[in-house]
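2 protein chains.
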Amino acid sequence: MQKEQMTKLIPFLKERGLRITPQRTLILQTILTLKGHPTVEDIHRQIPQISIATIYNNIKLFVSLRILKELPYGNGLSKYELANQPNHYHILCESCGDIFDFNYPTLTQIEHVARKLTQYQIFSHQMEVYGLCPTCQNETKVKEGD
Amino acid sequence: MQKEQMTKLIPFLKERGLRITPQRTLILQTILTLKGHPTVEDIHRQIPQISIATIYNNIKLFVSLRILKELPYGNGLSKYELANQPNHYHILCESCGDIFDFNYPTLTQIEHVARKLTQYQIFSHQMEVYGLCPTCQNETKVKEGD
DNA sequence: TTAACTGCAAATCCTTTGCAAAGGC
DNA sequence: GCCTTTGCAAAGGATTTGCAGTTAA
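Going down the list, the protein sequences come from chains A and B.
Taking my numbering, I'd label the letters of the first sequence as residues 1 to 146.
Taking my numbering, I'd label the letters of the second sequence as residues 1 to 146.
No wet-lab data here; the hints were simulated from the structure.
Among the clues, some could well be false.
One copy or two, it doesn't matter: identical chains are merged, so the pair holds either way.
Stated by the list, open to error - Distance condition first, Cα-Cα at most 30 Å in a straight line; then the derived DSSO-like pairs of lysine-lysine: (1) Lys35 / Lys116; (2) Lys8 / Lys116; (3) Lys14 / Lys116; (4) Lys69 / Lys116; (5) Lys14 / Lys35; (6) Lys69 / Lys14; (7) Lys69 / Lys8; (8) Lys8 / Lys35; (9) Lys60 / Lys8; (10) Lys14 / Lys60.
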């Protein structure tokens, strides 16, 4: 499965004159392994032998190539996920900053409406629901009980 | 209209032991005047006599009081809007970073679904459509034509 | 071979903070 | 008068960049 993702990636990069370096392979494998929505720091913690500047530079490259999506929500720290994920939206905890996926049919209609109303050329859309995760709900209750 | 917003705000702040300072009034008036989705820099440009640290601190306060909403999308520079706006979603230009509102009925159902699937306590949701604004579409065409 | 890439260190950008002075209430 | 707030300057944290050495193709 990870191998499949990589196999698709190689010609994609080569067509653009970009190289398959061990660093690039490792960064993508690490994101695949971590599964959730890792930060640059999360990725670097897994592969500390790779310079953090290289991780930043490649993450930026992958976002511009639409291989990754940036989730810039939590407190100035961006998180990242693979772009070719099945339909889902995000729910964020306002207390701990956790991001969780939930399945929901893609709201394709909204893109059509947006195009008609704004004359933008549309690429994609994202949705975030804000709330408190179960763990942080309990912590709030404990504090109130003091 | 601006006066109305301010009149509501005064008791809201006082109840919480917070003060109505000229700086706070000016920052909110400036956001009302700018209308769109100003950055801290945009606000400071309008009222340079107020220290940028004070602007940052008060914006942060207003966000925590849910008077303002933070839009953390463009390239590490947050934009802000008043929280009590009528139903709308955002469309963002991937080239120039412009944020534009478009009207669409609030997707209340998605909050219910999210709650059931995740057990989060839900506060709100936001949606962003990504694309190219008409101006940037034209610029791309011009470049391609060279 | 050579153009792209890595990694270090320095620079940059945005934001927060410590603290003394000012000022709402 | 008390306690919050302001504003400066310094600190902090995340990200980008310049550049010399390295390496994929």
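Results of checking the hints against the structure:
1. Lys35 / Lys116: Only across copies: Lys35 and Lys116 sit 23 Å apart there, 36 Å inside one copy, limit 30 Å.
2. Lys8 / Lys116: Classified as neither: same-chain Cα gap 35 Å, cross-chain 36 Å, threshold 30 Å.
3. Lys14 / Lys116: neither (37 Å within a copy, 44 Å between copies)
4. Lys69 / Lys116: both (25 Å within a copy, 26 Å between copies)
5. Lys14 / Lys35: within (26 Å within a copy, 46 Å between copies)
6. Lys69 / Lys14: For Lys69 and Lys14, the Cα distance is within 30 Å only inside one copy (21 Å; across copies 42 Å).
7. Lys69 / Lys8: The answer is within: 17 Å in one copy meets 30 Å, while 40 Å across copies does not.
8. Lys8 / Lys35: within (18 Å within a copy, 45 Å between copies)
9. Lys60 / Lys8: Intra 19 Å, inter 44 Å, cutoff 30 Å: intra-copy only.
10. Lys14 / Lys60: within (18 Å within a copy, 45 Å between copies)
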